[in-house]
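Residues per chain are reported as follows:
Number of protein chains: 4
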Amino acid sequence: MKKNKPKYKQIIDAAVQVIAENGYHASQVSKIAKKAGVADGTIYLYFKNKEDILVSLFQEKMGQFIDKIEHETTSRQTAEEKLLTLIETHFEQLAADHHLAIVTQLELRQSNKDLRQKINHVLKGYLDIIDQIVDEGVEEKLFRENLDRRLVRQMIFGTMDETVTNWVMKDQRYNIVDQAKEVHSLIVHGLAGPHQ
Amino acid sequence: MKKNKPKYKQIIDAAVQVIAENGYHASQVSKIAKKAGVADGTIYLYFKNKEDILVSLFQEKMGQFIDKIEHETTSRQTAEEKLLTLIETHFEQLAADHHLAIVTQLELRQSNKDLRQKINHVLKGYLDIIDQIVDEGVEEKLFRENLDRRLVRQMIFGTMDETVTNWVMKDQRYNIVDQAKEVHSLIVHGLAGPHQ
Amino acid sequence: MKKNKPKYKQIIDAAVQVIAENGYHASQVSKIAKKAGVADGTIYLYFKNKEDILVSLFQEKMGQFIDKIEHETTSRQTAEEKLLTLIETHFEQLAADHHLAIVTQLELRQSNKDLRQKINHVLKGYLDIIDQIVDEGVEEKLFRENLDRRLVRQMIFGTMDETVTNWVMKDQRYNIVDQAKEVHSLIVHGLAGPHQ
Amino acid sequence: MKKNKPKYKQIIDAAVQVIAENGYHASQVSKIAKKAGVADGTIYLYFKNKEDILVSLFQEKMGQFIDKIEHETTSRQTAEEKLLTLIETHFEQLAADHHLAIVTQLELRQSNKDLRQKINHVLKGYLDIIDQIVDEGVEEKLFRENLDRRLVRQMIFGTMDETVTNWVMKDQRYNIVDQAKEVHSLIVHGLAGPHQ
DNA sequence: AATGAATGAGTATTCATTCAT
DNA sequence: CATGAATGAATACTCATTCAT
Chain A
1 MKKNKPKYKQ IIDAAVQVIA ENGYHASQVS KIAKKAGVAD GTIYLYFKNK EDILVSLFQE
61 KMGQFIDKIE HETTSRQTAE EKLLTLIETH FEQLAADHHL AIVTQLELRQ SNKDLRQKIN
121 HVLKGYLDII DQIVDEGVEE KLFRENLDRR LVRQMIFGTM DETVTNWVMK DQRYNIVDQA
181 KEVHSLIVHG LAGPHQ
Chain B
1 MKKNKPKYKQ IIDAAVQVIA ENGYHASQVS KIAKKAGVAD GTIYLYFKNK EDILVSLFQE
61 KMGQFIDKIE HETTSRQTAE EKLLTLIETH FEQLAADHHL AIVTQLELRQ SNKDLRQKIN
121 HVLKGYLDII DQIVDEGVEE KLFRENLDRR LVRQMIFGTM DETVTNWVMK DQRYNIVDQA
181 KEVHSLIVHG LAGPHQ
Chain C
1 MKKNKPKYKQ IIDAAVQVIA ENGYHASQVS KIAKKAGVAD GTIYLYFKNK EDILVSLFQE
61 KMGQFIDKIE HETTSRQTAE EKLLTLIETH FEQLAADHHL AIVTQLELRQ SNKDLRQKIN
121 HVLKGYLDII DQIVDEGVEE KLFRENLDRR LVRQMIFGTM DETVTNWVMK DQRYNIVDQA
181 KEVHSLIVHG LAGPHQ
Chain D
1 MKKNKPKYKQ IIDAAVQVIA ENGYHASQVS KIAKKAGVAD GTIYLYFKNK EDILVSLFQE
61 KMGQFIDKIE HETTSRQTAE EKLLTLIETH FEQLAADHHL AIVTQLELRQ SNKDLRQKIN
121 HVLKGYLDII DQIVDEGVEE KLFRENLDRR LVRQMIFGTM DETVTNWVMK DQRYNIVDQA
181 KEVHSLIVHG LAGPHQ
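Sequence lines, in order, name chains A, B, C and D.
Quick note: the first sequence, position 139, residue 139 per our numbering, numbers continuous.
Quick note: the second sequence, position 12, residue 12 per our numbering, numbers continuous.
Quick note: the third sequence, position 54, residue 54 per our numbering, numbers continuous.
Quick note: the fourth sequence, position 157, residue 157 per our numbering, numbers continuous.
Identical copies carry no separate label here, and so any pair may be met within one copy or between two of them.
Dumping the calculated PhoX-like pairs for lysine-lysine here, alpha-carbon to alpha-carbon at most 25 angstroms:
1) 113 <-> 61
2) 35 <-> 5
3) 181 <-> 170
4) 3 <-> 48
5) 35 <-> 113
6) 31 <-> 113
7) 181 <-> 141
8) 170 <-> 124
9) 34 <-> 48
10) 170 <-> 118
11) 48 <-> 31
12) 48 <-> 35
13) 3 <-> 61
14) 61 <-> 9
15) 35 <-> 50
16) 61 <-> 124
17) 118 <-> 68
18) 50 <-> 113
19) 5 <-> 34
Calculated directly from the structure, the hints in this document are not laboratory data.
Given only the sequences and the hints, what does the whole structure look like? Please build it.
Laid out in structure tokens, this is it:
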């Protein structure tokens, strides 16, 4: 299995770094190879082509990202706690890897439709976790019954994503993890006051 | 003023069409020129470079987009109504111009960081409208007092944006305007039930 | 019509020269462009791709080559004279353009099957001329009746081609035109003596 | 002596097959190695480089080819019979090995000048046999005295070669051996009728 | 103002060959 | 002897931009 060989991970990590530092369009294969400490041709022993590096990068990193979120959320009791943990873990992981945050929030979005389709496929696993927490919340009577699952998913993911993107575009100058509680509160209770 | 000359608008409309039909990366200047019915060189009498076409396109179209939203919302009484009108008008306008929806939600995001910074600058005007409605809602005691303006803005914009993007990626196969009320409800009341 | 523009011919002549001097595989597009005095990109305003330069080169040069042979042979009376004129004109023209001789006899044969198919298509016109002369010879009772046209064509063309190739491979060190009469005699009378 | 080791012949036979099936340019060393059932590196224990495989292939196969022709012709009495046998054996051998026919008539000609020089060196032995038969024919007064040996050689070889190449290019759809007698007749008697 | 022919910088990928095991 | 992972040189083509007319 190529994915377990050290050079596979070396190249992916080099790609994250090169893309974060140079931007998507200035990230030539030769630059990634150099940073990974391998010859240009070696890249093609581990990846089909340049796009395959990027897709694999996303799968690899997002796979871990999602696994971690899944692991953290399942250890919580209520749906409300799970949702808070999901938001916190989402923010924490990106805060812990500045390069990865830049790559996922800004650079990889410059890719073409084709690559974005593949990225969305990976994200599907994440959306499933969100769906399940919402379902649990409804069962626990914490959340309203008649929620449109798709819209809820879009609100939760859209809010987190927009929050992270803004933070990255502001050069990560503030602590995004501090905002998790407030984001959670907005998602659970909305804008309206308690007497509404 | 070049912006009032007919060819200026001709070129921008051609660009929207060409990008929507061919995708961002397959939209060469020569293709836009051909669709606009002008020579390649003529483009450069009206725009500094290719990026300038895209920025101008966004300014022009988003300017109208935002003006319309501003006009519709000001005619409403309460912040809650204004917010609903904002969401409805946002969805309606993109539903009314399929080409523009594709270009703003998918294709223009493939541009580089630099262009996206300029796009964000244009969006600033939109975010100001959102902020003002939130402020009004707080004053009217409809919304909670201690809301973090930036987070609220990100929730509102992020939710709408994610909703529209999903609709475009699903080839606009359902009526997005139908979802405005539910999106509004989620933003105002969140996931929690009334007894929470 | 692009074929009448001066740069079209400039590029083709440059290609002949570059290929003759450097060999097929060392003839990069950029080298041809430089020799032609145009930018690399200009090549692609006149030719679809590299192969198209080579096909066009062959069509252009062989077109003239065949026209000349056709013109010279039609002015002769008998089939025997026509055949001699054909051989002489074939040899003369290649002797007059050393570069072209190298390109057609050696370098262009290194091309792939696809290009060679196209080259053969051009040669069809030449083979038609040969066929017609043979037909005339048979009618005039100069040649045998029961000749297999395809084999005759292959003998005539194969003999001339092998003769020219040998001459080119020997660096064109002798005068090939001097051999036309003897080649003609071999083709018409074969190896056998008069008493056979 | 490496040439007697089994892998030497294995690799050469694999090369013939791979080149015939994939074409010269799509015949990578790794493909030949795979077909031969050896590692890429092993190729270089038996051959200096890729060109050396091709030269050796030609030497090996053409050596047998020429030996067979030599053996068959010496058992004939007259030069005329020997020539017919030569043509027949030439055609028979290529008809019996379709792969080899493709490789020698089409694919190997795509090689560069350098390799073709070496191939010509191998063919020298064949041309010597032709020369000797012609000499015998002249001595026997079957052939004319004043024949230019080189031209005769070129006529005989050129005609056979062109005939075989045409047959291969027509996907070997007819029986080339059937044409040996007629080719022989053309070479011996030429186009002219008996009364010429 | 308008044209469009010409420019030329920039880059992913292949594959013959090597050499540590 | 044999392996096969690693190497790295080499090249056609696109397209935003210019500028002479």
